[in-house]
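Engineer: Residue numbers (the numbering used here), protein chains in the order written: chain A, 1 to 296; chain B, 1 to 349.
If you are wondering where the hints come from, they were derived from the structure by calculation, not from laboratory data. Each hint should be verified, as a subset may be incorrect.
Over the 12 Å line for every Cβ pair with chain B, so calculated as not near, a few chain A residues [claimed, not checked]:
#1 D2
#2 L4
#3 V155
#4 Q225
#5 G265
#6 A270
#7 L286
Taking lysine-lysine and the BS3-like style, the derived pairs with C-alpha atoms no more than 27 Å apart in a straight line are [as the list claims (entries may be wrong)]:
#8 K54/B - K284/A
#9 K307/B - K292/B
#10 K286/B - K307/B
#11 K116/B - K288/A
#12 K292/B - K204/A
#13 K204/A - K140/B
Residues from chain A that face chain B, not an exhaustive set, calculated with beta carbons under 10 Å [as the list claims (entries may be wrong)]:
#14 P61
#15 R186
#16 D189
#17 E191
#18 M193
#19 A198
#20 F199
#21 H289
Don't be surprised by glycine CBs; every beta carbon is placed ideally from N, CA and C.
So you can see what is in the structure, the chains are spelled out below.
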Amino acid sequence: MDFLEDFPSMGRGDLRDFKKAVDAGFRGFSREYGEALETFFEPLLFFMVWFEKLLTNTPWPVILVVIGALAWIGSRNWRLTAGSVVAFAVIGYFGMWEDTMATLAIISVATIVCIAVGIPFGILMARSDRAQSVITPVLDVMQTIPSFVYLIPVVMLLGIGKVPGLLAVCIYALPPIVRLTNLGIRLVDAEVMEAAHAFGANYKQRLWGVQVPLALPNIFAGVNQTIMMALAMVVIASMIGVKGLGVPVLRAISNQYLALGLMNGLAIVAVAIIFDRVSQQYGKRLQKHREGGHGV
Amino acid sequence: MVSDIKVSIKNLYKIFGPNPASVLDQAKAGVSKADLLEQHGHVLGLKDVNIDIKARGIQVIMGLSGSGKSTLIRHINRLIEPTAGEIVIDGQDVLAMSDEELLNFRRFKASMVFQKFALLPHRTVADNAAYGLMIQGIEKKEALERSQRWVERVGLAGFENHYPAQLSGGMQQRVGLARALATDAEILLMDEAFSALDPLIRTDMQDVLLDLQSELHKTIIFITHDLDEALRIGDDIAILRDGAVIQQGSPQEIVLNPADDYVADFIQDINRARVLEVRSVMDSKKPRSGAKVESNTIIEDALQAIKDNEGKPLIVTEDGKAVGSVTIEAMIDAIARPEKDGERNPAYR
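Excised from the complex, chain B in its bound form (with noise of 0.2 Å):
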């Protein structure tokens, strides 16, 4: 994957209340959110956020409600207007744009999944999932071809005619999701699009979703609250707490190394073994033979092979090649719990 930066927030803030620029400057000084409420009556949302956006892959913005993440989202196709600082995306500024570029923008670079679906429920699905090619001007008969593609792509391939209160929670966003695909938008939004919806399906768009990126490579950015759709779907998390980034990083440095006790309480119940890849758990010996096993290789799966071999280390390669080892011990060290005021880090809080 290559690395270049498509969306890049810069120092953003979002202040609620009635006069949300006079409280700026203390909200910058660090004013805490219950300070700035009690004494000041201004809500913070946001708090000096920088969030850099690979091109092309998977961004998972976490936290719990009210933590802001709904609030960031909407700042990036300006449904929300900021306080302060900046969106650059392919390096335009998204807060400089005039009515008429904002409306291009959303009409052609950035769509967007809601958590609760938001389908127009007077028109079908055919004509929900062709609305954004009509809201681009394209006449009716073209929309409706181009997106006949993405409600099959979504597996709705015989509802076209069915309108979305006939429709189940996990197929209502299927159509949200043909929606968001069909209008060719490079940045995808997706506003805890699998919130609403019942664990397996969950877990059924999770996988609708990942084949999807895996043939689009769109740049997606995608709230949660989950956790483990966090570290499942993530190429790069942040986490939202109170309206600021407290932790940002791969699935597997976030589980390595949570940045305080925060975060160390939220992956305290995932399971580790699911998560951890070999290559983050590995030395750079390289025994000269031993069964092999690629470096992103989750811990289950490695542990498995490790039994298969009689419990003797095993060659991690990437591309082929030998880049370390691992062994039995080092991966039951990874995936023990963490003692929660242990000896980690004094550096963090």
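Here chain A stands alone, though its shape is the one from the complex (with noise of 0.2 Å):
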């Protein structure tokens, strides 16, 4: 009967030295190899500091010019920009300026680094179908898996600071830009493609003159995506030393300061709107030529 009330699990002396095995070989490995991965991720943190620095110590009236002028190029549209400068006033107002630029700036570095590993792992994905059988699952467990669970890992290689925060974001914030950059390729029209093969396209035309440019507003799309999931783990990050936004809600957290975490919470939200709409007005934009206009 016993069998079958307790479920056979392993020996509790066994489970202890598997679990034993594993930290001790992961610790081994991050002796190895955390310095060398502290290295190659240096001008990753070179780079943030100095765009962190620039946000920060650049005059506010300059700054909020700069989101105006960026609002305004990105949606084409008076009430957006207005709101978004509005918006970062207030925000500055409340006292929230330089949280917000240290936000800003980890977002940016994020999208950035999101991008640039993004967009060649789609491309990959869209071009093989082993490939995608690969990468799929990858991206499944990255999503689903709950972030503080890779916060461990990562501690354990690099420490606390703003590298591994941005590891962080960049593992959760990933896998939407990959999945639509590969959806918008595949989605393609045939005949399109067809037709870039019979006038001879070798591979780098057909994918820089009709894939990319035609899957555009999905990967875009992923762009969005990526930014507001990014903005989701600021508060998460921030226990990880990194600074912005998070470092106060987590203080509200654990002295329950509702004023402190619904202002810094309002701050993130509004920086989350401001991103989303500006971002879908110019993928709209994007799209200008598919509009119908003479004799449809």
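Take the two lone chains, each set in its own frame, and fit them into one complex as the hints suggest.
Structural biologist: Dropping the structure here:
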């Protein structure tokens, strides 16, 4: 009867040894390669520090103007532009300017890293079904594994700081851009691709002349999703030493400061909405050519 | 027209399925399409196709959907790989080309027009027309200059900066035509190029094509399911059924001597007076006097001429020389719809 009531699990001693072995193995790995990895990520750290300093040291009126200009270039919409500037002004008025700039810095760098890594992987997936069948489960794991779980090995390897924070954000925010790049390229009209073949386009000409431009609206939806997911990671990233709006939120949770938590939370929301609307408008403009006009 | 052969398709087979080579011998032995599918799980796409295509003419390949005509045209620039056979163009076997040679063949030698236009939706009319040239590696500025002439030639001047989605179907296909012509390829592959257009626009585009051809003399391979279109523009027609060529010849030959009931059915409802020319129905008697008619006049026009001539036979001329005569009875016999199960040559199935 015991056999049916208690799941026949591995002995407690064996389990402990197993966990110990995994821990020791990884610890050994991080002792061996931790430094090398840190050196590898040094340029990224450099860039992040530089970018954050740039944002925090630039006089706030200049930043407001730049934000307004970017919103205008992205959306061509006066209301959205004015709304963005006002939102940032309010954020600054409530004393969250510096944290917001730090958050902007990590989001921007994370997005750039995700684009640089994600689009090539998406292209690879679109090119080969085998690559797709290998990468898809990896993306599934990246999206579903609780973030706290991968914080452990990341911290073990790289300690606490900006780079592990960035890594954590990227693990979470990378999948949508890879998936949507793959999808966008696979959805490119087979007839247009056939025409490209028929005119003797080689792989590069087909990729950059047909597939990527036609997949751009989807790729851009992926960028938008990546930005949103990166913002969602701000609080968790602050647990491992990333500065920004997440830090006061974390403090508010442990001390039950309602106002502090709410204000910083709303600031994250405001930044998210601005990024989302502006990038969506920009994505829509990319599809301008799809609109019919004459004689359709 | 000089009738040297530009494209020669020899013993071409295409079998679709998991292992085409394994059933090639059965297909060669004459196992039917249905049996091949049922017993071996393979689809016979093309079956022993042999067509010699003349340079500087319009070769129409006609068949209903599923006859393999679109598959066939895609073999010529190897968008589809054959199971067996040869395609020789200017003495070179397309199927033996390396990847590099094939790219250059597609870039410089054969261009294509598609049924659904297949334009690049994110590029303007001008950029689309210049696409083939840019693929050849020509600088954008020069490519646009060279293709501009073709944009104008197909009647799209003023629309250079429109996107394809802003144009009607007929205009989009003009872009497709300009894109194909701009590369200066000697061979033009047209896959049901006008089938997606309204009847009036289709006639319009046929005129555009015939007009261009009278000036350019390209080797055009034109796929269609529309017999009227085939008879109107084809110098030669090959009729395809279930992947096999069942008849080849000039429009005249096909209308006068359909190879089998299938073809006979096809030509049942056409306006024979508009297809047949007097040279196909004349006899060799050469009357001394009478009204004259060129040998390539269609019967519809010749009937009018004979009426103006009070019903007397007409003298048929070729380059001004009399070659025979034609009577009203001969013409009426020729345009009468043949009895379906009549006394046609029993040698045909």
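Engineer: Each of the hints needs a verdict: does it hold here or not?
Structural biologist: Evaluated hints:
| no. | hint | in the structure |
| --- | --- | --- |
| 1 | D2 | holds (53 Å) |
| 2 | L4 | holds (48 Å) |
| 3 | V155 | holds (45 Å) |
| 4 | Q225 | holds (22 Å) |
| 5 | G265 | holds (40 Å) |
| 6 | A270 | holds (34 Å) |
| 7 | L286 | violated (9 Å) |
| 8 | K54/B - K284/A | violated (50 Å) |
| 9 | K307/B - K292/B | holds (13 Å) |
| 10 | K286/B - K307/B | holds (19 Å) |
| 11 | K116/B - K288/A | holds (21 Å) |
| 12 | K292/B - K204/A | violated (62 Å) |
| 13 | K204/A - K140/B | holds (17 Å) |
| 14 | P61 | violated (38 Å) |
| 15 | R186 | violated (17 Å) |
| 16 | D189 | holds (8 Å) |
| 17 | E191 | holds (4 Å) |
| 18 | M193 | holds (9 Å) |
| 19 | A198 | holds (4 Å) |
| 20 | F199 | holds (5 Å) |
| 21 | H289 | holds (4 Å) |
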